[in-house]
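Using my numbering, the letters of the sequence shown correspond one by one to residues 24 to 206.
Just so you know, these hints were derived from the structure itself, not from any lab.
Backbone N, C-alpha and C define an ideal beta-carbon position, used for all residues, glycine too.
Some hints could be false.
Claimed, not checked - The following label-pair restraints were derived from C-beta to C-beta distances: (1) Gln36 x Gln128: 42 to 50 angstroms; (2) Thr182 x Ile126: 23 to 31 angstroms; (3) Gly150 x Arg42: 43 to 51 angstroms; (4) Leu57 x Ser138: 16 to 24 angstroms; (5) Arg197 x Glu147: 51 to 59 angstroms; (6) Gly129 x Tyr97: 42 to 50 angstroms.
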Amino acid sequence: MHVIMMNITALIQVKAFARQDGALLTLLWTVSFLSFMYAPNSGIGNLMALLTPVAIIWRMVSFRNYALDGVMSYKRALAYTMYVFFYASIAFALVQFLYLKFIDQGQMNFFLSQSFNAVTPIWEQQGLSEEEINEYCSLILGFTPLNKTFIFMMENMFTGLICSFIIAAFGVRRVPRKSMRKE
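Modelling step: build the complete structure from the supplied sequences, incorporating the hints.
Below, the structure is given as structure tokens:
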């Protein structure tokens, strides 16, 4: 029974820190998203998105050193990173939905149309007809803000799940650093 209580306590602790750090990741993604929407040629949005693993590793190491005396198993690191991505994906979905519903005014569809125009020659080389391409583009552009938000949220969760297996390895430490040991 004692082992079960320790695991539940550890899970509660991991989830609490993951919620806080998920909020920070949501902020990073929001800045990235808004940079992409309002300054697409600057590259800032892409840079901010690429900082995602760095931000999670930094926060995970802080969690490990602050709350776990510098020791973290791969399993706990994996749970932490998965929860961070989960919480951030849900919170960011809310941000995106509010943006698409009340602020966007068709800008997202403009960017999607530009993307479709850029990849149309590739799709044609793959054997898709112009009618199929137009039908696909019309379908995507016709999605409601909720549809688009759901697709982005699921993409963020799936990508986060895959990346978690790699990112978690950076938080593992079996023995506390000497400087952290209490003498």
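Comparing the hints with the structure gives:
| no. | hint | result |
| --- | --- | --- |
| 1 | Gln36 x Gln128: 42 to 50 angstroms | holds, 43 angstroms |
| 2 | Thr182 x Ile126: 23 to 31 angstroms | holds, 25 angstroms |
| 3 | Gly150 x Arg42: 43 to 51 angstroms | holds, 47 angstroms |
| 4 | Leu57 x Ser138: 16 to 24 angstroms | holds, 18 angstroms |
| 5 | Arg197 x Glu147: 51 to 59 angstroms | holds, 54 angstroms |
| 6 | Gly129 x Tyr97: 42 to 50 angstroms | holds, 45 angstroms |
This entry satisfies every hint, going by the numbered hints stated previously.
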